[in-house]
Structures are given as C-alpha cells and as structure tokens.
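Each chain is listed here by its residues.
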Amino acid sequence: MTVALSPQELANRIGEQLPEAVVEAQETALFVKSDSLLDVARFLKSTPNLDFNLLVSISAIDYLEYFELVYHLTSITHNHSIVLKTRCDDRDKPTVPSVSGLWRGANFQEREIYDLMGISFSGHPNLKRIVLWEGFEGHPLRKDYL
Amino acid sequence: MDWLYDLFPKIGDALSGWLAGFLPGWAVYLIMWLVGVVPILIFVLIMVMVVIMIERRGLATFQIRYGPNRAGPFGMLQPIADAIKVLTKEDIVPAQADRWLHWLAPVVTFGVTLLWFAVIPVGKDAILADLNIGILYVVAVASLGGMGVVMAGWACHNKYSLIGAMREISQMVSYEVPVVISILGVVMITGSLSMTQIVEAEGVPFILLQPLGFLIYFVAVLAQINRSPLDQVEAESELVSGFHTEYSGMKFALFYLGEYGNAFAASAIVTTLFLGGWKGPILPPYVWFVIKALIVMYVLVWFRATFPRVRIDQITGFAWKFLLPLALFNILITAIELAIWSEFPWWLLFVNIPVAGALIFLWSRLFTLQGGQRVEA
Amino acid sequence: MAMSSQPARLKTDTFVINLGPQHPSSHGVFRIRATFDGEIIVDVEPIFGYLHRGVEKLAEGRTYTQDISLTDRMDYTSAMTNNLAYVLAVEKLMGVSVPERAEYLRVILAELNRIVSHLMAVGFWLNDMGAGGFTPLMYCLREREKILDLFEMVSGQRLTVNYMRVGGLLRDVPDEFLPPLKRFVAEMPGFIDEYEQLLSENEILLARSKGVGILSAETAINGSVVGPMLRASGVNWDLRKADPYSIYDRFDFEIPVGTVGDNYDRYTVRIAEMRQSVRILEQAIAQLPTGAVRTKLPNILRPPVGEAYGHIEGPRGELGFYLVSDGSIAPYRFRVRAPTFINLTVLPDILIGWKIADAVVTFGSVDICMGEVDR
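In the order they appear, the protein sequences are chains A, B and C. Read left to right, the first sequence gives residues 1 to 146 (our numbering). Read left to right, the second sequence gives residues 1001 to 1377 (our numbering). Read left to right, the third sequence gives residues 2001 to 2375 (our numbering).
Everything labelled a hint here was simulated from the structure, so no lab data went into it. Cβ atoms here follow ideal geometry from the backbone N, Cα and C, with glycine treated the same way. Mixed in with the good hints, there may be bad ones.
What the hints assert, rightly or not - Covered stretches of chain C, going by a simulated chain B footprint (3 or more residues, C-beta under 8 Å):
hint, segment
1, 2194 to 2208
2, 2312 to 2322
3, 2355 to 2366
Excised from the complex, chain A in its bound form (with noise of 0.2 Å):
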C-alpha cells in the first residue's frame, strides 16, 4: 500500500532546513508559500528518506480569492506520497515558480495550467499554449470566463 506521510511530521522535517517555507500542516496536505516552493520540492526530490522522484499531477484550482495549485508526489523507492499545496493570491498575473527543471513531467502540465487558467510559471523552458491554438483569448476554466 502506498503510504501517505503525515504532514505534520513533514512540515517538522521541513522546518529544520527551511524555517519560513511551511505555512500549514493541513490534514491531508502541506501548504507551503508560493516563494518557496521550489526549496521545498528540491528538498523533497533530494532528501535520501523521502526521495519523491515521481511527480504525479499538478491540479489548478480556481477559488475566486485566489488560486489553489496542488501537487501530488509519489516516491517509487519507498512507496509513499504526499499532497503539496500552494496558493497564489494575484487575479492578474499570477505566477508561481516551475518545477520541471526538477521533474520534468511538469512540462506538459504547467502548459496546460497556463492555457487555461493563466497561471504564469517562472523558470518553465517553454510556457505556450498547449490545448487552445495560438491567439486565443483569455482563459477558459477560470470561473469567471462564461
């Protein structure tokens, strides 16, 4: 069975090295801030226990305050997971750092988040439009398009 690990025991782990990462050790997810979300992954990725070398999905969610980004992680040595959160406050222009220099999954799913909802990430090799042709205005899965 993959075992999920307990937030707070990460958010304890992560505290050691990067006190001002972690805002919340939620039940199910670690809420981290924005900023420091690539320390936090590289930490994740490179620390020899956790080794989260899988990154399973990104998920953008719209909640009309802000927006969600959810990172689900997997490590295939260990078979455990975690959920990763941060949120994003910005209507305008958005941004948030890339992992895909870390995992390069992310790649095709950041494109995707940027497409259509318009989530800019810092750092991405390549952030075009990747479902919706070149031109198109505004992005559709926010919920104030229609």
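Based on the hints, put chains B and C in the right spot on chain A.
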C-alpha cells in the same frame, strides 16, 4: 487440335500473307506491328485486372475477411467499377507543381511497364519481338521504372514525395546488381541471352538447377517493383503513399496499373526464366504460361500479407551485403560445374539444392539485418 | 555523408516536415513538427489540442452521475477503466462502500478492457510497421470483437459504455453473460500464443524494433511516465500491486517488467500483461459471489465539502481524477490526470537521433489515444 496450340504464329502468317497480296512491304510491316501491339495491350490490361482481384481477395483471405464480393459474381467486376470511378474523378494538380512533369510521370511509368511485355514468350513462337538480347533488354527496362518514380516525386512539390523518390533511387540502384548477377547463372547454362532460347533449353526447370539464383532473383525483383516487404518507397503508414500522394483520378490509375503490371511482368519473367515458361503437357502453352505466372503472383501476395516492412537502410544493406555475395557464389559454382560437365546434366540438381541451402544458412549467420542505431546530435 | 578523402563534411540543410494531423499513423489528430537532416530526426515538437473539448469545464456544469458519460469519451478505447477511476474518486469523496458482487464485476470488466486496449495497441503498432498490410491488426480485432459483444450485452454499448455508477454498477449482468465470458477466457491464452508464435521471432520485426527508441528508467521516472512504458524501461511500478484499489489485493498475478526500454520491450510487456489479465479474469470468475450490485444512494448526489484523488492503473498508465466538492450537485473542480498526455513529455528523448521510419514505429509503441491527450 494442333491449330489451338500454334494459334498466334498461324494467325500472324495468314494475315501477313493476305496483306502482302495487295500492299507494299513496308505497309505490311507497319500493319503487322500494330496488330501485334494491340493484343499485348489488351492482354496486359486483362491480366492486370485478374492480378488486382487475386491481390484483393487473397489478402482478404489471409486477413480473415471477405474481399470485394458485391460487384458481379465473386466481385470479379470490381476492377471495372474502380476504373469507371477513377475516370470520373477530378484531376487535381498542386498549385506549385511542375505541370508538364506532373502529367508526364504516370505516362512514363505505365509505358515502361508495357515495354516489358514485348519480349515475354507467351506461347511457342508467340512473342512480339524475338530479340537475341532479350534478357539484357529486360534488365535495362527495369531500371527505367525508377525514372518515372523520381519524376513523380519531384513534380509534386511535396516533401513526402521527395523522400519517397530519394529512397527509390537508392533501392533501384542497389538491387540492379543482384538481379543481373543471378540471371547470369541461367544465361551461362543456356548459352544465349534470348528469352525463347532459354525456354527451349529448359528440360528440367531452372528453379531446380539454379535454386540459389531463383531465390536471389525473386527477392531482388520484389525490391525493383516496390512490393512489400521491401516497399519503403511508397510506405503507406509513413509517407502517405510516397511519390503518388498528390495524384488523383486517371493519373493515379496509371500508377496503380503500372504497379500491378510490373508485378505481373516480374511474375512472367520469373516463370520464363526459372519455371519453364510455357512448357507443359495437355493444355495449350499460353494457358500454362498464365497459370504459372498467376501462381508466382499469388506467392507475391502471400509475402505482402505476412511480412512487416523493412527499413530503407536495412533494404540497401541487405542487397549489398547478403544478396550480392550469394549471387557471386552462385556464378562461381555454376561456372565450375559447366567447366566439368558442359551439357549441365539434370542430376546436378541434387548437388545444387543442398549447396544453396548450406550457403544461405551459413551466410545468414554472418549477416543479420541491423537493428536500431541512434545518431548522436 | 563525408567522402573519405576530404576532411570537411558536405554542407547539407535541414528541412521541416509536419507528420500529421491527418496521417495514417498519427493515431488520431496529432501533429509532430520534425526537423530532418536527411533521414535523421534532429528536433521534435509535438503539437496537439485538435481534439480538445473542454471536458474539465463541461464537468463543472453537470451532476456527478452525468459526468460518468463524459469520462467514457476521454480514452475512448478503454471506457470501463475510465468509469472505474472516476467512480472510485467520488466514492472516496463520499465515503461510500460497494457490494462484493459489484467489486468482482468491476474487476472483470476492467481487465477485459485492458485486454481490448492492449490488442488495439499491439495491432496498430504492427500496422505502423507495415506488417503485411494490417494482417496482425485483423487478427487482434477478431478477439476484440468478442469482448465488445460482451460489453454490448452488459451495457448496450460497444465503446462508450457508461456502465459504472457511484456505489456499484448500473444494473446486474444478464444470465447470458457468463458462458461466453468463460469461453473467451479459456480460448484467449491460445490466441496470445498464436500472436507470439507469428510475431515474436520474426526477424524483420526484431530488426525494426529491438534497440530502437530506448527510454532509460531515470528519464522515464523524471518525465512522470507511467504504465507499460515505465515498466518496459525496467521499473516495477504498477498501482494494482503498489497501491491496490478495489479488491486487487485478493488476486494472484505478476507484473511484467522489461529490461531495456526499447520498442520490443514495450511490445512484450503488453503481450505479457494480456496474459496476466486472463489470469485475473479466471480467478475473478471463480470467486464471483451473488448479491446486489449497487448501494442505495440518492439519485442526485451531494458529496460533503472536501477533495479526493482516486486513481487506477489503466491500460495506458495511472489514470487519476482529482475532485473538489463544495457540497453542491456538480463538482467544483474536475481534474483528470491523463497518462498519455504526460507520457508524451519524453517524446523528444525517444525520437531524436532516429530515422523517420523508426520514428513512426516508436510513436506507435507509446500508444496514445487523442481523446485522453486533449480531453
């Protein structure tokens, strides 16, 4: 019943004798020439229709489905239905294509196919032009076929077609050599390049006396006529029909006819060289010829239904590294045998067949089709 | 191609070709802008979105049960497994349990669907290779027809089945379902042997696929590749064993793992997975209990506020649904983790440096389904 067997020479003599009565010599020659060409044309078109039906029904049987079975009894009128459809289609020429070349390419392709049939002996003395360099003519015409393909590939102004044309050049050039050298064994035994003499000399069919030559020629001619498994030139799933992507209507029909005409011509030549041509008991010779050619055609269809496609660099490697050395060995062995027994007795087949088998087995240990090779950027 | 006597190379130019979107082997509307140097591919840019229907936005305007019919149409060759992944996510969200008979029937249908999908994958891959003008494809489709007849018997549809519901299945299987299923399960190993006998030792097939399109394990894991592509590269990761959902922990089966990660390994992994699916089917049919097939739930579902991520091991990899509910009758966020969309990340790694003929064969072995890539 003799008149049935010698049908064509008798008709020819009777007609030219009647015409010489009231026309000068050159007019008789011209009319006999026309009278000779038209039956060839009709024969080719009818046989191509039969060949297309064999291909479609045969492929369907291999693929556990029915082939065409609606148009006429057993779907035999399907090619006629296709021909009517094709004649009424719009002729589309790409805007940037070379119009003159675009028109000329299918004409050249089909014309070259017809050229092959001039030297194929359909029955006893039933041959349009009894050249005494018949085999040389056949080989020369085979390489002309590539010209039509390259013209088509260039004229379409389409990258896919161009890739197909380039592949065709490399494939055609590579397979010329094994074709010629494998035929040389037959020529050495007969002592003549003429097609009629080769058929006359076949007491025992050359497939038994020259098994290695037969196999090499069979595979090499598959490559020359661009048939599966060596049909990368027009690989449907990769290049969307290669050089005839941009053709529609009657021009496409000419390419199609040309392709099946080539296949039938190749079967006919294999029959003539290796299977005894028109020889056979009881039935008239032309019937035997057609039966044998259609059996070879069925084997070609069988090959198409069974094998995956070979990649272009594997195809050319196969020609140069596998077929060519084996063909050279073949001539060597035939030459040695001829030097010792100059009449080439029939029991040499018991020597040749095991030797051929052993050579193929040993050589295939040395050479395998190269797998994947990645080129570093 | 340099001439041996001259030190400098012949100056050549690269050219750009579009493979697709209309192309006999692009497996749907998929476009690759490839830059060629002669026959070698130098650069690859995949462009898709031609089949984008906005499923995620559509789902926010439909109830949870209506969304099941949307999931059919994503990966349209394996509709049963799509349904299963979605209803598992909703059941996690609501905390509903499923009766025993429904669990066993779900496993049976999901494994049948895995066989269908792999048959199509192998058949079309061989078609790309030009194998005898779709002869192997016809043989694979012959078996697929038998399974599609079973699906039609059960749900009335062959392709977009819309059969699973939250809390079980739509209705029980008819009585005439089990005898043809048992016949099929008894005959299938013989057919798989027939495919292997005809294909696995064929010299041309080996030459076209062995050592071609190699994907290393590190590149695969880093690229979030899952499914048979990952297992062919040597990584033993299958959700049915690593994180068993439904009742998969009661069955005895193996996970086939490849060694090198070339096209031939992907082919053998799929054939071996078909055999393992037949094994699971035999056990599931033997243990099938009687009883109800659906938990009693209100017609319009209102899950509590919260979120859930439900995932299964589909034929193409990990198919996951991330649902966020705000207590109303429609999902607030319906996010699909589509395996083939993410598997395409590694397309440049397996295509660059190979020839055009290899590119088509390799692309066929990735086994994409455009409905899932574009959603």
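Hint check results:
no., hint, verdict
1, 2194 to 2208, "holds (count 7)"
2, 2312 to 2322, "violated (count 0)"
3, 2355 to 2366, "holds (count 5)"
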